[in-house]
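Novice: So you can see what is in the structure, the chains are spelled out below.
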Amino acid sequence: MLTNARLLAYIAVMAAVTYLIRMLPLVCFRKKITNVFVQSFLYYVPYAVLGAMTVPAIFYSTSYTLSAVAGLLAAVFFAYKEKSLLYVAVAASAVVFVAERLIELFLV
Amino acid sequence: MSGEKKNLWRQGLQDGLPIGLGYFSVAFTFGLEAVALGLPLWAPVLISMTNVTSAGQFAGLSIIAALGSLVELALAQLVINLRYALMSLSLSQKLDETVRLRDRFLIAFVNTDEVFAVAAGRPGEVGRVYMFGLITAPYIGWALGTLCGACIGDFLPPSLASALGIAIYGMFLAIIIPPAKKNRAVVLAIAIAVALSCLFRWLPALSGVGSGFVIIICTLVAAAAAAVIFPVKEATADAD
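Quick note, the sequences are listed as chains A and B, same order.
Heads up: the first sequence runs through residues 1 to 108, numbered per this note's numbering.
Heads up: the second sequence runs through residues 1 to 240, numbered per this note's numbering.
Honestly, the hints are just simulated from the structure, not real lab data.
Don't be surprised by glycine CBs; every beta carbon is placed ideally from N, CA and C.
Check the hints yourself; a few may be wrong.
[Said to hold, decoys possible] Simulated coverage check for chain B against chain A, where a stretch passes if three residues somewhere in it have a Cβ under 8 angstroms from a Cβ of chain A:
hint, segment
1, 25-37
2, 60-74
3, 91-100
4, 140-148
5, 172-182
6, 196-209
[What the hints assert, rightly or not] Sample of chain B residues at the chain A side, in silico, Cβ under 10 angstroms:
hint, residue
7, L13
8, L17
9, F109
10, G127
11, V187
Work the whole structure out from these sequences, hints included.
Specialist: This is how it looks when you write it as structure tokens:
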């Protein structure tokens, strides 16, 4: 049985583990790191993380792979044109929406 | 607040708005699913307000629903969320001297994938006022989305939910592609990470590895390879 006390214990454990993972590196490393390799490594981390999280997950983020490909192409195009984050996100969503209506009209 | 501070806060808030909007729809699904699994209304809202992470929360939900052990829950969160340690470490090098120790405790609380990505993509260092502006909309969007999902039930039509599913990835691409245009090393880091991540997804022998581990392995290998091949000479060699 899932009592409220048990539920609160679950939530407390989740929150504590997640917070410690985020907090410790941010609080412990307050000085600038001077090692060139570590510096370079940390410089590339955001690009690597976002690349790995986007592909191939993006292909599974919508109802059809085909509409996801259309959305991906639109996002790459507008990102390459250096449009804002919101612009690229909304444009990709709009292209997916239209593509899915077309897919349902002609293919499904 | 002085004019300059106000301006920085507004900039942060503005940069956080698309994140907040994206979070609203994801958190909405989380609220829906939690209530559908039989949790009381307050539980998903409390989880969202204390965890602020999507993958970890969804995984936690399934363990709670299965009445799993607390150790199992803690281990799952550790593995899925370990990538945040890398992001926090990277972010720790990006904060300027206006960020006090107590600010770091607060910023860490909302250091999500997207908040980190936007902060990392900003040229130069980032200060406390900008960071506080940046985390405002995502936090509100995450909490409010969960509450609405838990309360209203199935409200978002599936066609709209599907289209919004790609929004967060569109944002990621908008962050990484402009700097990649000007920097071959960034292209290399992205290419290695993407190739590895595809291998883990599509090679049957590797597809059993959990998604949290996959992100960590891809990031470690790609960032290390790029750092060896193209070392960055100065800490301020940002994005261009």
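Novice: Look at each hint and say if it fits the structure.
Specialist: Hint by hint, here is what the structure shows:
1. A count of 0 residues in the segment 25-37 of chain B with a Cβ less than 8 angstroms from any Cβ of chain A is obtained; the coverage claim is therefore unmet, three being the minimum.
2. Taking a C-beta to C-beta cut-off of 8 angstroms, the segment 60-74 of chain B contributes 7 residues in contact with chain A, enough for the three needed, and the coverage statement holds.
3. With 3 residues having a Cβ less than 8 angstroms from any Cβ of chain A, the segment 91-100 of chain B passes the three-residue criterion, so the hint holds.
4. As drawn, the segment 140-148 of chain B meets chain A at 0 residues by the rule of a beta-carbon pair under 8 angstroms; below three, the given contact is violated.
5. Requiring three or more residues with a Cβ within less than 8 angstroms of a Cβ of chain A, the coverage given for the segment 172-182 of chain B holds, as 10 such residues are present.
6. For the segment 196-209 of chain B, the assignment as covered by chain A holds, since 5 residues bring a beta-carbon within under 8 angstroms of that chain's beta-carbons and 3 suffice.
7. At its closest, the beta carbon of B/L13 sits 13 angstroms from a beta carbon of chain A; the interface hint therefore is violated under the 10 angstroms criterion.
8. Because the beta carbon of B/L17 sits about 7 angstroms from the nearest beta carbon in chain A, less than 10 angstroms, this interface hint is met.
9. With a cut of 10 angstroms, the hint placing B/F109 at the interface with chain A holds, because the nearest CB-to-CB distance is about 6 angstroms.
10. Contact between B/G127 and chain A, as hinted, is not supported at the beta carbon level, the nearest pair being about 15 angstroms apart and thus beyond 10 angstroms.
11. Annotation: B/V187 was flagged as interfacial toward chain A, and the flag holds, the nearest CB pair being 9 angstroms apart, inside 10 angstroms.
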